Amino acid sequence: DKMFIAIDDASNGQVTRIIEALFSFNTDCMIVDKDPLINRLVLPQLDLSTLLNLAQNVRCFSTNATCTSLTAQDLCTLRQAMLEDNCKLKTFCALIDEATRNSFIEKC
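With this note's numbering applied, the sequence shown covers 5 to 112.
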(Lines of atoms letter the chains of each structure in order from A and count residues from 1; the text may use other names and numbers.)
(Lines give C-alpha, C1' and ligand atoms only; values in the text may rest on other atoms or scores of the structure.)
Protein backbone atom coordinates (compact mmCIF):
# COMPACT_ATOMS: atom_id res chain seq x y z
CA ASP A 1 0.00 0.00 0.00
CA LYS A 2 1.28 3.44 -0.90
CA MET A 3 -0.39 6.84 -0.52
CA PHE A 4 0.82 9.87 -2.45
CA ILE A 5 -0.66 13.28 -1.59
CA ALA A 6 0.17 16.55 -3.38
CA ILE A 7 -0.57 19.79 -1.52
CA ASP A 8 -0.39 23.30 -2.93
CA ASP A 9 -1.22 25.28 0.24
CA ALA A 10 -1.10 23.87 3.76
CA SER A 11 -2.13 27.10 5.48
CA ASN A 12 -5.89 26.68 5.43
CA GLY A 13 -7.94 24.75 7.97
CA GLN A 14 -9.29 22.32 5.39
CA VAL A 15 -5.79 20.98 4.71
CA THR A 16 -5.19 20.65 8.46
CA ARG A 17 -8.27 18.43 8.82
CA ILE A 18 -7.31 16.39 5.75
CA ILE A 19 -3.76 15.86 7.01
CA GLU A 20 -4.97 14.81 10.46
CA ALA A 21 -7.31 12.28 8.83
CA LEU A 22 -4.63 10.97 6.44
CA PHE A 23 -2.08 10.51 9.22
CA SER A 24 -4.47 8.17 11.01
CA PHE A 25 -4.66 5.83 7.98
CA ASN A 26 -2.81 2.54 8.07
CA THR A 27 -0.44 2.17 5.10
CA ASP A 28 3.06 1.02 4.26
CA CYS A 29 4.25 4.21 2.60
CA MET A 30 2.93 7.78 2.69
CA ILE A 31 4.40 10.58 0.59
CA VAL A 32 3.23 14.16 1.11
CA ASP A 33 4.57 16.24 -1.75
CA LYS A 34 4.32 19.88 -2.72
CA ASP A 35 2.83 20.99 -5.99
CA PRO A 36 5.76 21.38 -8.43
CA LEU A 37 4.56 24.88 -9.35
CA ILE A 38 5.30 26.29 -5.89
CA ASN A 39 8.77 26.89 -4.49
CA ARG A 40 8.26 25.97 -0.86
CA LEU A 41 5.56 24.27 1.14
CA VAL A 42 5.43 24.74 4.90
CA LEU A 43 3.70 22.00 6.85
CA PRO A 44 3.20 23.26 10.41
CA GLN A 45 0.59 20.55 11.03
CA LEU A 46 3.32 17.94 11.42
CA ASP A 47 4.07 18.18 15.13
CA LEU A 48 5.21 15.60 17.69
CA SER A 49 1.76 14.26 18.59
CA THR A 50 0.87 13.88 14.90
CA LEU A 51 4.21 12.15 14.26
CA LEU A 52 3.72 9.69 17.11
CA ASN A 53 0.25 8.84 15.76
CA LEU A 54 1.73 8.45 12.29
CA ALA A 55 4.48 6.20 13.67
CA GLN A 56 1.88 3.65 14.73
CA ASN A 57 0.20 3.52 11.31
CA VAL A 58 2.80 4.11 8.59
CA ARG A 59 6.02 2.21 7.83
CA CYS A 60 7.64 4.83 5.57
CA PHE A 61 6.92 8.58 5.55
CA SER A 62 8.41 11.18 3.23
CA THR A 63 7.67 14.83 2.52
CA ASN A 64 9.43 17.62 0.69
CA ALA A 65 7.56 20.17 2.79
CA THR A 66 9.31 22.09 5.56
CA CYS A 67 8.05 20.93 8.96
CA THR A 68 8.21 24.16 10.97
CA SER A 69 6.64 22.80 14.17
CA LEU A 70 9.25 20.10 14.79
CA THR A 71 11.97 20.74 17.35
CA ALA A 72 15.21 18.85 17.86
CA GLN A 73 13.69 17.27 20.97
CA ASP A 74 10.67 16.14 18.91
CA LEU A 75 13.00 14.43 16.44
CA CYS A 76 14.91 12.76 19.29
CA THR A 77 11.62 11.51 20.73
CA LEU A 78 10.56 10.20 17.31
CA ARG A 79 13.91 8.47 16.89
CA GLN A 80 13.50 6.74 20.26
CA ALA A 81 9.95 5.70 19.36
CA MET A 82 11.18 4.25 16.05
CA LEU A 83 13.59 2.01 17.97
CA GLU A 84 10.72 0.43 19.92
CA ASP A 85 9.45 -2.96 18.74
CA ASN A 86 5.82 -1.82 18.57
CA CYS A 87 6.59 1.17 16.30
CA LYS A 88 5.62 0.62 12.67
CA LEU A 89 7.58 3.64 11.33
CA LYS A 90 10.99 2.62 10.00
CA THR A 91 11.77 5.46 7.56
CA PHE A 92 11.13 9.18 8.12
CA CYS A 93 12.17 11.90 5.68
CA ALA A 94 11.21 15.57 6.04
CA LEU A 95 12.69 19.02 5.59
CA ILE A 96 13.57 20.92 8.76
CA ASP A 97 15.32 24.22 9.28
CA GLU A 98 19.08 24.34 9.75
CA ALA A 99 19.00 25.32 13.43
CA THR A 100 16.73 22.37 14.28
CA ARG A 101 18.89 20.02 12.25
CA ASN A 102 22.09 21.16 13.99
CA SER A 103 20.48 20.92 17.42
CA PHE A 104 19.21 17.41 16.63
CA ILE A 105 22.71 16.31 15.62
CA GLU A 106 24.10 17.64 18.92
CA LYS A 107 21.34 16.16 21.13
CA CYS A 108 20.91 12.76 19.55
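Heads up, some of the hints might be wrong.
Subject to a maximum C-alpha distance of 30 Å in a straight line, what follows is the list of computed DSBU-like cross-link-like pairs (lysine-lysine) [claimed, not checked]:
1) LYS92 x LYS6
2) LYS94 x LYS111
3) LYS6 x LYS94
4) LYS111 x LYS92
If you are wondering where the hints come from, they were derived from the structure by calculation, not from laboratory data. The structure displayed is predicted, hence computed values, not measured ones.
Report task. Run the structure past the numbered hints and jot down the numbers of the failing ones, going up. Result -> none
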